[in-house]
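Here's the letter readout for the chains.
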Amino acid sequence: MRLSVQSAPFDLGAESVAFAKGAAGAGAVVTFTGIVRDNGGALAAMEIEHYPGMTERAIGAIMDQAMARWSLADALVIHRHGRLAGGEMIMMVATASPHRADAFAAAEFLMDYLKSRAPFWKKELGPDGATWVAAKDEDEAALLRW
Amino acid sequence: MSVEVLYFAWVRERIGLPREKVQTDAATVADLIAELVAREDRYALAFADLASLRVALDQELSSFDAPLAGVREVAFFPPMTGG
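So the sequences go chain by chain: U and V.
Under this note's numbering, think of the first position of the first sequence as 24, with each following residue one higher.
Under this note's numbering, think of the first position of the second sequence as 83, with each following residue one higher.
Wrong hints could be hidden among the right ones.
[Unchecked claim] On the chain V side, residues computed to face chain U include the following (Cβ under 10 Å):
#, residue
1, Ala-91
2, Glu-95
3, Arg-121
4, Tyr-125
5, Asp-140
6, Gln-141
7, Ser-145
8, Met-162
9, Gly-165
[Unchecked claim] If the Cβ cut is set under 8 Å, some of the chain U residues that face chain V in the computed set are:
#, residue
10, Gly-57
11, Val-59
12, Gly-76
13, Met-77
14, His-102
15, Arg-140
16, Phe-143
17, Glu-147
18, Trp-155
19, Val-156
Derived by calculation from the structure, the hints in this document are not laboratory data.
Beta carbons are placed, not taken as given, at the ideal position from N, Cα and C, and that holds for glycine.
Modelling step: build the complete structure from the supplied sequences, incorporating the hints.
This is the structure:
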C-alpha cells in the first residue's frame with residue numbers, strides 16, 4: 024500500500040506499470056486518473072489547498088478500510104496539491120485484487136471517499152477571477168452506498 | 083488552555099490567517115466559535131453559516147458539540163473537494 028500527497032506531476036504510465044508488476048500474484052489491476060477539466064479553455068488554473076498531516080491520515084484511513092473490506096493485494100493513491108493547469112493529472116488510484124469486481128469496487132470506494140473525506144479544497148482561476156469549488160450534494164450522497 | 087487553530091480555503095481567506103494560537107477556556111467547539119465570533123467582524127463573517135463548515139480536532143473530523151478538553155489542534159474548513 025502506498026500513498027503520496029505531492030505537488031510534483033506523476034508519471035501515470037510508470038506508476039501503473041510499477042504497480043501492476045508489484046501485483047503479479049493478484050490477477051486484476053484497476054486504475055483511475057483524475058484530470059483538471061479546462062472548462063472549454065475558460066480555466067486558467069486550479070489551485071488545490073490541503074491540510075498537511077490530516078491529508079495523509081485521512082487517505083491512509085480510507086485505504087485501510089478498503090484493504091479490510093475487499094480482497095486486495097495492494098492499493099495506491101497519489102494526489103497532487105498546488106497550482107495545476109487544465110488537462111493536468113490531479114490524482115490516481117490503483118487497486119490490485121485476485122478478482123476484478125473487488126478491484127473495481129475498491130477503486131470506486133476510494134474515489135468516493137477521497138472526494139469528500141480527504142482534506143483538499145479546489146479553487147478555479149478563470150476569466151472572472153477565482154472561485155472555490157463547492158462540494159456537491161451528490162458527492163456526499165455517494166458515500167451512502169458503501 | 084492554548085490550542086492551535088487552523089483555517090483552510092475560504093475560511094482562511096475571510097479570517098486572513100492560516101493559523102493562530104488561541105488561549106481559551108471553551109468547553110466545546112461551539113463555545114470556541116462563539117469566542118472567536120465575538121472578537122471581530124472577519125470571524126463573524128467566516129462563521130456566519132455553520133452548515134457550510136466542517137471541523138477537525140487533532141486532524142480527525144468532528145462535530146461542533148464535541149468537547150475541547152485535551153485537544154491541541156482545531157481546524158475549520160468548508161466541505162472537502164478532493165479527487
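Q: Any hints from earlier that this structure breaks? Give me their numbers in increasing order, please.
A: Of the numbered hints, 3, 4, 7, 11, 17 do not hold.
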